[in-house]
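Colleague: Okay, here's what each chain looks like letter by letter:
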Amino acid sequence: MNIFRANFWFHYAGPQAFYGLAGRLWPWFAVLSAVLGVWGLWLGFMVAPADAQQGEGYRIIFVHVPASWMSMVIYLAMAFWSVMGLTFNTRLSGMMTRALAPTGAMFAFLSLWTGALWGKPMWGAWWVWDARLTSELILFFLYLGYIALTSAIDDERRGDRAGAMIAIVGAINVPIIYFSVKWWNTLHQGASVSLTKSPSMAQVMLWGMLLMALCFWFYTIALVLYRVRTTILQRESHTAWVQAIAQGAA
Amino acid sequence: MIWESWSQFWEMGGYGLYVWGSVGVTAACMAIEVWQARLAHQKLLTQLHVEHKVHL
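Keeping their order, the protein sequence lines are chains A and B.
Per my numbering, the very first residue in the first sequence carries number 1; after that it's consecutive.
Per my numbering, the very first residue in the second sequence carries number 1001; after that it's consecutive.
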């Protein structure tokens, strides 16, 4: 197994090989996610002190920021698989994009939900038509649009290609969300963590948030690997290897 | 430990509804998603198993 050879990647781009690989990998990611989640919640809710300005209310950050990050990262991952699919015409790409979409939609919803619950006590409003909030809402609608379009087209491969267009074109919204707090005068606060300057948070709060972010990352990887296996079985159900699995299944 | 009692923990300095409303809905969404994914996989395996028997 040499990951630096193109053969390796093309081997696992085949549904049958990837089905096996995903089946071996997802439990590890699930365990990692659970461990990091317990650790992150412990730091965030048992160790980190109250915030000087927001009291205990700031603790929403431990779910809000990781969920918002994931909603953006998952969309970029969908755009990546869509480019791969349109370029190499690999069957797996469309299946990966479809497996990512529901989890991305869920995190976009959670970003808006936890944001509303944070906005009410701190700003006095559940919702404002601010650049950050509005662009995140558009992201949520892009996910719903992708899911609606791909499930409305009977021919799976055509559906994959149509969905790939939404995923790629819609990806332009992700940097808009990310930089919205810089480009426009928004009610939403600036970035909590950035690559160019040191974080504006206390160490233990930062660690709690980063652990929760990693927990959500691994949760997503585990779930998407699990879900793509279902799709692979469904689409390859005419093949001998799937029929052999079906024979063994209860 | 930063909390003196459990009731203080659940109260979250008056922000209990907002903090637990965020954490609770997030946890519930993730749990439902996992449950749905498992259900879909099991259902498909059962369906393929039945279809396979028909083919034999």
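Simulated from the structure, these hints should not be mistaken for lab results.
Being a predicted model, the structure only gives us computed values, none of them experimental.
For every residue, glycine included, the Cβ atom is placed at its ideal position computed from N, Cα and C.
Worth double-checking, as some hints may not be accurate.
Unchecked claim - Covered by chain A, according to a simulated footprint, are these stretches of chain B (three or more residues, beta-carbon under 8 Å):
hint, region
1, 1019–1030
2, 1040–1052
Unchecked claim - So the derived list for chain B, only partly shown, Cβ under 8 Å to chain A, looks like this:
hint, residue
3, 1002
4, 1012
5, 1013
6, 1033
7, 1034
8, 1035
9, 1037
Colleague: Indicate, hint by hint, whether the structure satisfies it.
Modeller: A quick look at each hint next to the structure:
Closer than 8 Å: that is the beta-carbon criterion, and the region 1019–1030 of chain B has 8 residues meeting it against chain A, so the requirement of 3 holds. Under the rule that three or more residues need a Cβ within less than 8 Å of chain A, the assignment of the region 1040–1052 of chain B holds, with 9 such residues. About 6 Å separates the beta-carbon of residue 1002 of chain B from the nearest beta-carbon of chain A, less than 8 Å, and the hint is met. Because the smallest distance between the Cβ of residue 1012 of chain B and any Cβ of chain A comes to about 4 Å, under 8 Å, the interface hint for this residue holds.
Of the supplied interface hints, the one on residue 1013 of chain B holds, with its beta-carbon coming within about 4 Å of a beta-carbon of chain A, less than 8 Å. Residue-level restraint check for residue 1033 of chain B holds (minimum Cβ-Cβ distance to chain A is 6 Å; threshold 8 Å). Proximity of residue 1034 of chain B to chain A holds as hinted, the smallest CB-CB distance being about 7 Å (cut-off 8 Å). Interface hint status for residue 1035 of chain B: violated, as the beta-carbon distance to the closest one in chain A is roughly 11 Å, over 8 Å.
Restraint check, residue 1037 of chain B versus chain A: the minimum CB separation of about 5 Å is within 8 Å; hint holds.
Hint 8 from the earlier list is the only one contradicted by this structure; the remaining hints agree with it.
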